[in-house]
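If you read the protein sequences in the order shown, they are chains A and B. The first sequence: position 214 = 214 (this note's numbering), numbered continuously. The second sequence: position 308 = 308 (this note's numbering), numbered continuously.
Please keep in mind that the hints were generated in silico from the structure rather than gathered at the bench. Take the hints with a grain of salt, since some may be wrong.
[Unchecked claim] Distance ranges between label pairs, derived from CB positions: (1) A:144 with B:336: 21 to 31 Å; (2) A:138 with B:90: 22 to 32 Å; (3) B:148 with A:138: 27 to 37 Å; (4) B:66 with A:144: 32 to 42 Å.
All residues carry an ideal CB built from backbone N, CA and C; glycine is no exception.
Below are the chains, spelled out letter by letter.
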Amino acid sequence: MKVTLLFSSILIAGTAFGSSCVTQSLQDYLNLGSAGCDIGVVSLSGFALAPGQNGATPINPLQVIVTPGGPPFAPTLAFGLSTTATAPTFLESFFRFHATGPGLVGNMLSLNSASASGDGVNTAVEDICPGASFTGNSPLGCPGSSSLVTFADASSSQLTDFASFPATSFFDIFVDLSVDGGLAGSATFGSAAVQLTATPEPAAVLLTLAGFVMFAVSGRRLKKPTN
Amino acid sequence: MFHRFAIAIAAATLLAPPFFAASHRNGPLLLEDQTANLNDFYIFRSYESGRSDRLVMSMSAQGFQNPDNGPSYYKFSDSVLYRFNINNSRGLDGNPDFVIDVQFKTTLRPNNTFLSYLGVINSIDSGGILLYQTYSVTVTNLRTGVTHTFNTDRNGHALSVAPPNLGPKSTPNYEAKLGAPSVFVLSNGMRVFAGPRDDAFYFDSAGVFDFLNFRPPAPVLTGSADTAPGQPYPAAHDGFAGYNISLIAVELPITMATANGKVPVNPKDPNAKIGAWAATYRRFVTVRPSPRDPVNSGHWAQVDRVGNPLTVEALIPLPLKDFWNRSKPADDAQFSSFIGDPFFASGILAGVFGLNVPAPPRNDVLGVFVPDITRIDLTIPPTAANKQNRLGPLAGDNAGWPFGGRRIGDDVVDIGFRALAGVLVPGFNMSPNNALGDGVNSNDIPYLTRFPFHAPPHAGFNHSGIGGTNGRGMPTGL
Chain A
1 MKVTLLFSSI LIAGTAFGSS CVTQSLQDYL NLGSAGCDIG VVSLSGFALA
51 PGQNGATPIN PLQVIVTPGG PPFAPTLAFG LSTTATAPTF LESFFRFHAT
101 GPGLVGNMLS LNSASASGDG VNTAVEDICP GASFTGNSPL GCPGSSSLVT
151 FADASSSQLT DFASFPATSF FDIFVDLSVD GGLAGSATFG SAAVQLTATP
201 EPAAVLLTLA GFVMFAVSGR RLKKPTN
Chain B
1 MFHRFAIAIA AATLLAPPFF AASHRNGPLL LEDQTANLND FYIFRSYESG
51 RSDRLVMSMS AQGFQNPDNG PSYYKFSDSV LYRFNINNSR GLDGNPDFVI
101 DVQFKTTLRP NNTFLSYLGV INSIDSGGIL LYQTYSVTVT NLRTGVTHTF
151 NTDRNGHALS VAPPNLGPKS TPNYEAKLGA PSVFVLSNGM RVFAGPRDDA
201 FYFDSAGVFD FLNFRPPAPV LTGSADTAPG QPYPAAHDGF AGYNISLIAV
251 ELPITMATAN GKVPVNPKDP NAKIGAWAAT YRRFVTVRPS PRDPVNSGHW
301 AQVDRVGNPL TVEALIPLPL KDFWNRSKPA DDAQFSSFIG DPFFASGILA
351 GVFGLNVPAP PRNDVLGVFV PDITRIDLTI PPTAANKQNR LGPLAGDNAG
401 WPFGGRRIGD DVVDIGFRAL AGVLVPGFNM SPNNALGDGV NSNDIPYLTR
451 FPFHAPPHAG FNHSGIGGTN GRGMPTGL
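With the hints as constraints, model all of the structure from the sequences given.
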């Protein structure tokens, strides 16, 4: 029993850091504070709302459903709005969080189930500051930052965007989701997903492999009949 | 983290030359977006004969227009919203209560030439105006939600943009035939104008940008050098002489601009003062589905604003200029650390020239620039054109910047120099603080004494770039 616990702890140490993220509202994620939660090898924390754009109506964070997923080294966080805005309504959910993990090297943003009519448009914008933090509570002041942009209007769309970075252990991330009815149109926003890409560090790989090997060996020993 | 950022910005600013040019070339992103780039904003009680119960606002865009830059010359952008904002409540907090939106539409009249203007154009309805622009004016009271849109004047004529002043052969007698007829009266009594005009701003930009290479006796002006019109060229070199701008001007009854719909007469009336600024917006998303034309979607997002002159030029550090241009006046307290300790005062006036200036925080500066709206006391009667003093309230002419609005001819550079030197702070109204100036005391050509007040545009055929006179004395369409 003690051996099994030891092996389990080694395996967990190689892949995760704290409590697992679960499907709940953005408000629940805001309430996690600095403790945050984990998806695979990546820890997400520090969720906070940011001041939105001029004229935008903030979307209640209770109405934003956050769904974690993805494999350990490519965790995904989907933000579901399932909201429609008709002109001149302009809805926005603007928030930030921190991602911490081994060898963070990429970030992909995708927009799902979005449609628009007239001059309405849906946008999802993600700003990533690798290895440092933005200044203040807006995505400014980070020289190495990247912006990912996805949108869907009545006639065209860009549903995914991607950026890669030199390996770092920290991302400061802003996510800005807007459902914009325009001046004479409408927009329906399903969800947007942020996918992080982590490169396993050699030590983490070895630790994880060690955990699996020891589990396997332990299993064989347990199955071996006693003489 | 913010503290470290502020220190980094301050260090960078110490190495940068000052910028004093109204708002012609400010904000790195606006250098790439000239049609949305606002230069100056003016608001004043009309000093046109018999119209002192009217308020005039104008904004200039797309500065440094070379008058001979054909064949297309310059135009307003169809995808930009140009907005006048008036704040008349809540102690002037920088939030708009009343807005006037101007939007343009370009029509390319069928033709087989490569020209935008063809033949003799002696009427605003001339078919020779091949690149023909019209505009709409939308007046919205944000507190009541009442909106009126005007696409024509009260006689049903389209609100058309004045064509450029090409020269005596193409646009003879420009102002009488094309300039003045482009002033339209709307059915609500407002008057409007849109089109090219002379840039009314004047300033020795070349000298100052050459790392404070003032032309003597500047920067300390005495005697005739300190009285309008100042010294002639080349002693005074107006970097804006001979250039045109794109002007949008509106004239409205004062009663339209106040919260209670009345003309205030008592300075203690809470409706006596209003604040105003201009801003430009573009749609949130632009898609370029080549080979089709771009498609614009979503709400209007602010790309530039101008309240007082010199704010973004002289008070906001370079790394923050684009952010400032996109931000709201109501949020200007976030820039207080820079505005309340202006580098131009502490770093240049005190640091370089050794002047004794007030110590920060500069509440006198904060009171004007936070929020950055041009304030006008509507109880101050307008000063007749021939009685105006370029130094405005600093010389006892209270109907000028910074307390009585901003008129076309206010010498905001010299007023700004002196105000930043502390002349409005007790104990600092002394020489040389109260004698600072760039040496240019007047515009290159006379202003109009009627709406829209800006002088007619310089003609392409013969302008200062050709004559080498720095614009002074060059004929326009007057």
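**Asked** So which of the earlier hints does this model not fit?
**Response** none
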